[in-house]
Structures are given as structure tokens and as C-alpha cells.
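Chemist: The primary structure of each chain is shown beneath.
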Amino acid sequence: MKRSIERHRNILDFALSSLLRRKGKNLSLLAVYTLIVFIIASIVFFTQALKREAGLVLQDAPDLVVQRMVAGRHDPIPVAYADKIAAIRGVSEVKPRFWGYYYDAVTGANFTLVACDDPAPAAESIFIGSGVARTCRLSEGDFLPLKDLKGAPALFAVQKIFPSDSELVAADLIQLKGDDFRRLFDFPQGRATDLAVSARNQNELKTIAAKIVHEFPDTRPILKSEMLRTYDAVFDWRSGMVIVVLAVAVLSFIIFAWDKATGLSAEEKKEIGILKSIGWETSDVLLLKSWEGIIISLTAYLCGVSLAYLHVFFFSASLFERALKGWSVLYPEFKLTPVVDPYLLCVLFLLTVGPYVVATVVPSWLAATVDPDAAMRS
Amino acid sequence: MRKSTLFLTLTALNLLLCALLALHARASNSGAGARRSSSRDLVRRLQLTDLCLFTEARYTRNPAMADRHSPFQDHPMALEHFPTGSLVTPPVWHREAP
Numbered sequence: 001m002k003r004s005i006e007r008h009r010n011i012l013d014f015a016l017s018s019l020l021r022r023k024g025k026n027l028s029l030l031a032v033y034t035l036i037v038f039i040i041a042s043i044v045f046f047t048q049a050l051k052r053e054a055g056l057v058l059q060d061a062p063d064l065v066v067q068r069m070v071a072g073r074h075d076p077i078p079v080a081y082a083d084k085i086a087a088i089r090g091v092s093e094v095k096p097r098f099w100g101y102y103y104d105a106v107t108g109a110n111f112t113l114v115a116c117d118d119p120a121p122a123a124e125s126i127f128i129g130s131g132v133a134r135t136c137r138l139s140e141g142d143f144l145p146l147k148d149l150k151g152a153p154a155l156f157a158v159q160k161i162f163p164s165d166s167e168l169v170a171a172d173l174i175q176l177k178g179d180d181f182r183r184l185f186d187f188p189q190g191r192a193t194d195l196a197v198s199a200r201n202q203n204e205l206k207t208i209a210a211k212i213v214h215e216f217p218d219t220r221p222i223l224k225s226e227m228l229r230t231y232d233a234v235f236d237w238r239s240g241m242v243i244v245v246l247a248v249a250v251l252s253f254i255i256f257a258w259d260k261a262t263g264l265s266a267e268e269k270k271e272i273g274i275l276k277s278i279g280w281e282t283s284d285v286l287l288l289k290s291w292e293g294i295i296i297s298l299t300a301y302l303c304g305v306s307l308a309y310l311h312v313f314f315f316s317a318s319l320f321e322r323a324l325k326g327w328s329v330l331y332p333e334f335k336l337t338p339v340v341d342p343y344l345l346c347v348l349f350l351l352t353v354g355p356y357v358v359a360t361v362v363p364s365w366l367a368a369t370v371d372p373d374a375a376m377r378s
Numbered sequence: 001m002r003k004s005t006l007f008l009t010l011t012a013l014n015l016l017l018c019a020l021l022a023l024h025a026r027a028s029n030s031g032a033g034a035r036r037s038s039s040r041d042l043v044r045r046l047q048l049t050d051l052c053l054f055t056e057a058r059y060t061r062n063p064a065m066a067d068r069h070s071p072f073q074d075h076p077m078a079l080e081h082f083p084t085g086s087l088v089t090p091p092v093w094h095r096e097a098p
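Protein sequence lines, in the order shown, are assigned to chains A and B. Be aware that the first sequence starts at 1, since it is given in the numbering used here, and climbs by one per residue. Be aware that the second sequence starts at 1, since it is given in the numbering used here, and climbs by one per residue.
Source of the hints: derived by calculation from the structure; they are not laboratory data. Please read all numbers here as calculations on a predicted model, not as lab measurements. Backbone N, C-alpha and C fix where the C-beta goes; we use that ideal spot for every residue, glycine too. Careful, some of the hints might be misleading.
[As the list claims (entries may be wrong)] Partial list, derived from the structure: chain B residues whose beta carbon lies under 10 Å from chain A: (1) Leu15; (2) Gly31; (3) Arg35; (4) Arg36; (5) Arg58.
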């Protein structure tokens, strides 16, 4: 046992010396490899954490939202629909929701205005999200001017700023009294933006949705499961930005592994020839090359994964920020709760370390089976 | 010191760092409930349906509530479903910094 360990350590010593002889090449190889693992792992950590956060935070979202569609577009829904929907068996509560968007020409930001009287801000006062406070440089007691439908400015006093912990859902929110909301947007009486429906039994939601559509063909019910699925789709590996970044990273890794697998340099072939001529077995040469592959790939994997974790969970994925921000002026500042999925890390390990070690060993095995004399002369 | 000893020590330190990060993830998760409670409270009270991630447009702010087939409906920042997406550029005023 001890002898076997000593043999491995001797070969490991030799492999490290061999790698250090081509220091420049191998260090740049390690840097590129680490960067690829870092990008892929950052995406995995970021998307997993956001998906989980969406699932947990939106657990208390309405069971069902009913929108009214007119000429293919979302239109305010008559509040009278609520009574008929409440009469459907299985429905426990129907609440009208009043909300909308407000484009602030001064900052260029879009705000989401929500009317809620539980608990309500005082008349002509608002509760705002930390993102709004940051963008408009507001603090409690300040005034925010909002233009009403006729262009007349209405001043609202900032009564409260939502805690910064809630930025992921409330960065751009402005909560105001129902009456203020209706006055600001000249919202039609007897209408709501949409209806939030609660059900006693979650399994009955699909049946309730079907009954609502049957009763009111101009409506579109959206189930909570569909809301959650939206975020699964947004941050799924097949989705937009993720697939673009992932494809680039995977493609560069394939090119990189292919370059390695297509053959050894003349110097490396000569080295194998010399080793064989001084008595090394083919198995020893393969062990040496395996160790070389393991040193590079394992170091790159461990460094890449650790750096990705620090990037996403300590520095809020700052490298992705520009891409996620898009054209938004108001962007939430949030820290994600770490999610480490061992399954995905194992897959990443197998997809990065495995092919690289194979790509290192196969050409060496081909070179090691050639006559040492021919290998040295090549 | 033998090179192998140095390499094995560095690898062990790297593994230790990974283990510490896994412990950090576990510890952060145990305290995350309290941090998340303010968000959950707002979602319940204001009956919110979406995360505030992309505030640039209606359909990106509330993707779950957006019209069917609005751009980026399935995935904001995604390649567009429809060929028109690659022909129609953003309006000039939107490209200028405010």
C-alpha cells in the first residue's frame, strides 16, 4: 500500500516538474480553463438561486389571477365579476387588485403603482421600495411628484420605505391609497386591474379556472403554477441569455479540449520516447499523463467553482449585472441566498474534468505504444 | 519540500475552501427565512405576482401577467421568437441615456 502511494507521489512529482518546464503554456491553459468553469458555475449558481427564491417568495402569491381581455389586450375588469366568481364552488375569496405602471420622465425609470388599503398609507402619502428611494434620492418625509392623467402634478409624501431585504419584489413599488390611485389614473369606477382569486383546495384551481372562462369568455385566468413556471422558463438552461453564455463557454471548452486531443507536440512525443527507452512502462506513461490532466483540471475546477460562488453570492453576480439590467434605469440591489446543488456540481465536474483527462491521456497512449526509437526521432 | 506535497496541500486547502463555502450556504439558508419574510409579507399583503428583476417594460416587469406572445414572454433577454425581433430596433429615444 505504502509502496503504491510512494509510486504515485513520485509520478506526481515528475508530472509537476514536467508541467513547470512549460510554465507559460500550462499557466495560460489553467487560466482559460478556470475562466470557463467560473462562467458555467456562475450561471448555474445564479439561475438556481433565483429560481429557488422565486419559488419561495411567490408561495404567497394569489392562487389565481383573472384578467379581462378586450381586442386581444389586457383591460380593466368589472368588479361585478368578483361576486359571480366568488359563487363558484371551491372559491374562498375574490379580491380586486388595483395596480399599474408609471413612467417617470425625470429619471427615465418605470415604477409599479399598487393600491392597497391594508394597511393604507395616509391620504396623499406613499410607501415606496428602496429602488425608488435610491433612484429619486428620497427619504421618509420627502415628496415625490407624480403627474396625473391630465398632466397636473400631484405631490405625495413618502411615509415609509420598504425594507431593503424586500428589493427582489418591491424595488420599484409605490403603494398608495385606493382613492389616490383612482384619482391619479382617472381609473374607471366599478373596474379593477384584475381579480385575485383564492381557492380552498389547490387541486381544484384548474377546474375553477375552466369554470371562470366558461362563465366569462372575455377573461384569462393565470394560475399560480403558471406564474412560478414563468421564472423556471426565464432561468432555465435553455433560456435566452443563459444559453448564449453557456453555449459560448461550452464551445470554447470543446475547442480547447479538441486542441489538446488532436495530438502532442514533438517535444512531448520525444519526452515519452525517452521515458520508455529508460525503462518506463506504457502504464507509467499513462499514469503520468493522467496526473498531468488531473492537476490542471482539478485545480481549474476547484478554483472556478469557488470563484463563481464568491462572485454570485458575495459580489451579487456583478459581472452579469449589465446584461440583466438591460435598458432598466431602476435595478434592484439584492443578495441571493446561496443554493448549492451537489447534482449540478457533479455534472459540471464530469463534463469538465472527465473530457479533459481523456483528451490528455488518449494521444499520450497512442504515442506511448510507438517504438521509443521512432518516438524520439519524430 | 516535495512538489507533490505542495500540490496536495494546495488541493486540500482548495477543498477546504469549497467545504467552507458549502457550510456558508447552509448557514445562510438557516437565516434566510427571516430575511425573506419581509418579501413574503409584501407578496401576501399586496398580492404581488412577479419578482422585480427587469423594470424596463411591462412585459419584463410582470412576465407572468404579460400578454401572450409579447416580446420576451418566455424569457427576458432572450433571442426573440419572431424574426421581426431582429429587424425592429429600439426607438431612438430609448437608446439615449436619460
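Chemist: None of the hints should be skipped; say for each whether it holds.
Modeler: Right, here's what the structure says about each hint:
1. Leu15: With a minimum Cβ separation of about 7 Å from chain A (threshold 10 Å), the hint on Leu15(B) holds.
2. Gly31: holds, 9 Å
3. Arg35: holds, 5 Å
4. Arg36: Check passed: Cβ of Arg36(B) comes within 6 Å of chain A, closer than 10 Å.
5. Arg58: This interface hint holds because 6 Å falls under the 10 Å limit.
The structure shown violates none of the earlier numbered hints.
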